[in-house]
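K.L.:
Got chain A sorted already, so can you dock chains B, C and D onto it with the hints?
Protein chains: 4
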Amino acid sequence: MFTFNCDYTEGAHPRILQKMLDTNLEQTVGYGEDPYCAQARQLIRQACGREDVDVHFLVGGTQANFTVIRAALRPHQGVVCPVTGHINGHETGAVEATGHKVLPQPCGPEGKLTGKQVDALVQAHWADEAREHLVQPKMVYISHPTENGALYTLAELEELSRVCRERGLYLFADGARLGYGLTARGADVTLPDLARLCDAFTIGGTKCGALLGEAVVLTNPELQKDFRYVIKQSGGMLAKGRLLGLQFLALFEDGLYQEICGRANQLAYRIADACREAGFPFFAQSPTNQQFPIFPNRLLEQLGQDFLYSTWAKVDEDHTAIRLCTSWATREEAVDQLLGDIRALGKEL
Amino acid sequence: MFTFNCDYTEGAHPRILQKMLDTNLEQTVGYGEDPYCAQARQLIRQACGREDVDVHFLVGGTQANFTVIRAALRPHQGVVCPVTGHINGHETGAVEATGHKVLPQPCGPEGKLTGKQVDALVQAHWADEAREHLVQPKMVYISHPTENGALYTLAELEELSRVCRERGLYLFADGARLGYGLTARGADVTLPDLARLCDAFTIGGTKCGALLGEAVVLTNPELQKDFRYVIKQSGGMLAKGRLLGLQFLALFEDGLYQEICGRANQLAYRIADACREAGFPFFAQSPTNQQFPIFPNRLLEQLGQDFLYSTWAKVDEDHTAIRLCTSWATREEAVDQLLGDIRALGKEL
Amino acid sequence: MFTFNCDYTEGAHPRILQKMLDTNLEQTVGYGEDPYCAQARQLIRQACGREDVDVHFLVGGTQANFTVIRAALRPHQGVVCPVTGHINGHETGAVEATGHKVLPQPCGPEGKLTGKQVDALVQAHWADEAREHLVQPKMVYISHPTENGALYTLAELEELSRVCRERGLYLFADGARLGYGLTARGADVTLPDLARLCDAFTIGGTKCGALLGEAVVLTNPELQKDFRYVIKQSGGMLAKGRLLGLQFLALFEDGLYQEICGRANQLAYRIADACREAGFPFFAQSPTNQQFPIFPNRLLEQLGQDFLYSTWAKVDEDHTAIRLCTSWATREEAVDQLLGDIRALGKEL
Amino acid sequence: MFTFNCDYTEGAHPRILQKMLDTNLEQTVGYGEDPYCAQARQLIRQACGREDVDVHFLVGGTQANFTVIRAALRPHQGVVCPVTGHINGHETGAVEATGHKVLPQPCGPEGKLTGKQVDALVQAHWADEAREHLVQPKMVYISHPTENGALYTLAELEELSRVCRERGLYLFADGARLGYGLTARGADVTLPDLARLCDAFTIGGTKCGALLGEAVVLTNPELQKDFRYVIKQSGGMLAKGRLLGLQFLALFEDGLYQEICGRANQLAYRIADACREAGFPFFAQSPTNQQFPIFPNRLLEQLGQDFLYSTWAKVDEDHTAIRLCTSWATREEAVDQLLGDIRALGKEL
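Chains as they are written, first to last, in numbering that gives the first Met the number 0: chain A, 0 to 348; chain B, 0 to 348; chain C, 0 to 348; chain D, 0 to 348.
Looking at chain A on its own, in the form it has when it is part of the complex (with noise of 0.2 Å):
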């Protein structure tokens, strides 16, 4: 049984292990602020092409985005969002507990806001006589890659973030996926593109081959301030604090994050292509490591006998959307007997 459900299921990639074990009798300073995390800020700060860029790493995403979201907010502010974004369905309500309404918009299914959405509806806010009984806009949460795995433009952001700036909204990224998102076929955001555009974004290892452990990236100095306080209060303050820095040193310091997450969308690619060969629509276009074909409900349990997939939306009575990911741990071998069956499930539709 393969397991093609998350990205999640393996533990770490080899490397980061070896790092984890050649260093584990040094003695260092915690909380992260030891040599290996200094080395992994610095790293990240070259890899963003710019010097004046606080990072944190932090425990998990759910608490990298809460945290960033909170110390940016003063408590009548809220934060706009696509309505599929992470933090207004899958945080069990993370970001209201600590006071903050998350605004949710509509979207399609790439789970994209576009510019002159929030242009639009910062405008209307201010133009409310009676704004003061509403949650003021302040920040936009995006996640790239989206949750349904697509992509901003370049132009897209741009416009983002002119919109944010010329608005006074700070542009937060949810990278939990980014490694994926910067090696995907056709991407023209960059890291250096997403510290020039955003306030504060955040770069994935959980499910890019780490352990555990979101970077935040601070951008903007208003929310530089203080943000170790609020880390700790918040509970994201690990006390062997290398733990994250050895890992995001390891995946930076030569290449690796986006080796291993290039391969990873390799692979999605190929699987991707079996399923549109075999007939099977899509639930939104993906560019990267996670892919979302359409089954007629019929074909799901056989599928199901050698392959572990996400259900993930229901698309009418007899079609489901189903996730299929890939990640640094996916076997060759395994997506080479997924497409066997995809192809066999498409003779049967």
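One or more hints might be untrue.
Note: identical chains are not told apart, hence a pair may lie in one copy or across any two.
[Said to hold, decoys possible] Below, computed lysine-lysine pairings styled on DSBU-like, alpha-carbon distance capped at 35 Å:
no. : residue 1 : residue 2
1   : Lys115    : Lys224
2   : Lys313    : Lys346
3   : Lys18     : Lys224
4   : Lys313    : Lys115
5   : Lys115    : Lys18
6   : Lys224    : Lys313
7   : Lys18     : Lys346
8   : Lys224    : Lys346
9   : Lys18     : Lys313
10  : Lys346    : Lys115
If you're looking for bench data, these hints aren't it; they were derived computationally from the structure.
P.N.:
Relative to the frame of chain A, chains B, C and D by itself:
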């Protein structure tokens, strides 16, 4: 330079790392529902002598504390603790950030609460006609060992537990360094005692040889309900949750937890004995891995040349209490060298 | 210039003011424990036909809503409401500020939820394997009348109540304009019905003739416990609490509440009839004191010369729904004059 | 039976009620944007000698306190206050409920903080290497008069203000009983002083002759921004907001505030003098309307036969400090009778 300043300067015990290596490529379900977490839970239940307790693995101590507290309390309720309690002074107000007042109580240098003290304050609350203007005490938080290394006796813990049950309060014990407490000279509180007397307690991993992680044991069914939702919302649910399960499995499957903590205690006693013999008094009596000798300020620089220690408290203009810690990773020769220094410094008293 | 824009442009009904004058120099205990609050509570209990309900007087509607909700929910639980619900869009995120997500549901222009809708969403929650990553629905919030003036029928309310009880959710009805709902043409929901079918509901004072104040009625014993602590903590406990009790005493001791609200409804019907006859369609059907006719934008300026109205919704490029309200203080001659204007404007349609 | 237990046992001063009567049928805009609120704001600005301060009218004291505090602080910041501060012990943890730790400091029976004390604690915070594990002090809360009736001298307040500005903290003065403080014997702090030295302060209405209401004066532009959103979210924005404006208009348009508070002080001095002459010592020295004589317990029952007093503090096994208050509504003959009793009881000392 050897570090005695805290017990989390190295990585994880090698047997923990080995287990991570051995299982790294296995595919398991996420979020703590994998077989390794299940096994670790079962071992902890056995060690507690109760099959009906819930065991959850969280990322860190601050997070474990505020997650338990916010899951248990209603908005108007607060948590009583000694003024030295970790939640009161070293977690950046994480409990208050979840909306609950910490109600600190005076205590001696050992950092302990008494049942009598709790009884008096709870009775005073309910006798107060204006009690609705006060925070209602609903939980008692203690640390075992305390922040100053001391231990509750079984009789003290039984008394606290009796009062809490009589008065309708939850008793929650923070066991960030529980391993050292269970194996200390003269300790008479066991895991089954904690499971019998507390409504919730933690079994610390980070400071007892793990990379990270705290086991939360919930014995009171009222606290068990929906706890995983609250973990997720609080940012404490690890995607690759097995990382935590594996570590507790390694610590509990063949007595490693008590073995390494017991050894660290023995090394700490050697340090304590040397201080005593050399004429250094103690800030607090500790039978565990943290020792708090008082040094004349004029000798501290010299001590600091070879060893890292923590500054703990200013005793008077000329004297400072310091903390010296041991851990699974403390080397005998480092201790030997420290003893030499202590003896030498003692002659300058 | 007459104001029809809302129902709180004047002070209090004269009989309320008179009661304040008559008792002004009496000395009473504070914080709502005085004899006038007690009498008012007793009258409300009688009007509800239940002696076992708790009645509290709070300062305002937003406060009453978030106080009830935060007192009732655990951290991971949320409150389901129609997307038009007051808590979702007009309280500056007050519910989220207490840590709880509002779960807005689609609804028609009337702004109502159905039992079926609630049933489906609650079942979907519990059927979801990843439900611990979602906010748990635990309360249903409705308004009666709704924000758009509509009323639940008794059958609809019974169905909602049945579903909530079957699925373990609390049903909470916001009665900011309850008086108009109880006395509306065709209304079949009574105070005893609300007390029988809801776990909590409010009886609005501010919009029904009082200076300020909302009565919160708690019928479910789970919600009654310690509620005064939560009021105090939420800033809703008035030192001179009798000010609220006196007003509800005046409103309930001889039928004033229903008398003045019923009269306002009658005036509203005259306005509605005039609009209908003049050819103006309606944004929502309302049998209560708020009417929502749709006007061509070109006629609005003319209407606004003599009357204040609220802009409610943009219907299309050329048409706008407006709100016209009546209250205890609406004068017959103002209505007469408004009717004249409406008829005149109708001729320009 | 006369009540001296608190200063809010009656309704409002007749001139306040009269103003409500006179304007009751006028139609005004809601939410504090009416002409009466505007006039009252203007009078308060004049009384403060500053045109650039923002004035808001909130419903109550607890609400005013937590609204100012949560609007001002970031998540990791806390508010320093004397241990006797109202926010620390008599508001059911309302400040903590908004996520912020109260940092109580030791103080004498007068309940005052010193600039030196604040300076030391802020310096200690910033000197602590582990300060990110501590709540950051960012605001100082004082009461003027204090909970025990005492007053800051101008020199003391200037010193506190100087320290706060030097160290980057906000200074917030709770003036729930400010009227008594401004008119006390020997008082040298004026409204312009408060406006010059504090970043925010309140002018109490409820305890100084109004039905309800506190004026919040914001002098620091940082605190002014978007404050109305936070009021609304906190449940403090009254729909019929003019009710608050009218009262402060009545209190400030012709010196009523100082007139009635000054008279109450005079009556309190008569009580204090009688206690002193009769041989009763005092728990705290108060030049304002609250007096805290110490009575032998054996005499309390007798005193309680004719008068209501508050029990304030247990002094020893046999003695209790009580509170006797005067207000705008205290009648001369009640005071005369009380003086008689005090003298009679003094003979039994």
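K.L.:
Check each numbered hint against the structure and report the violated ones by number, ascending.
P.N.:
Structure breaks hints 5, 7, 8, 9 and 10.
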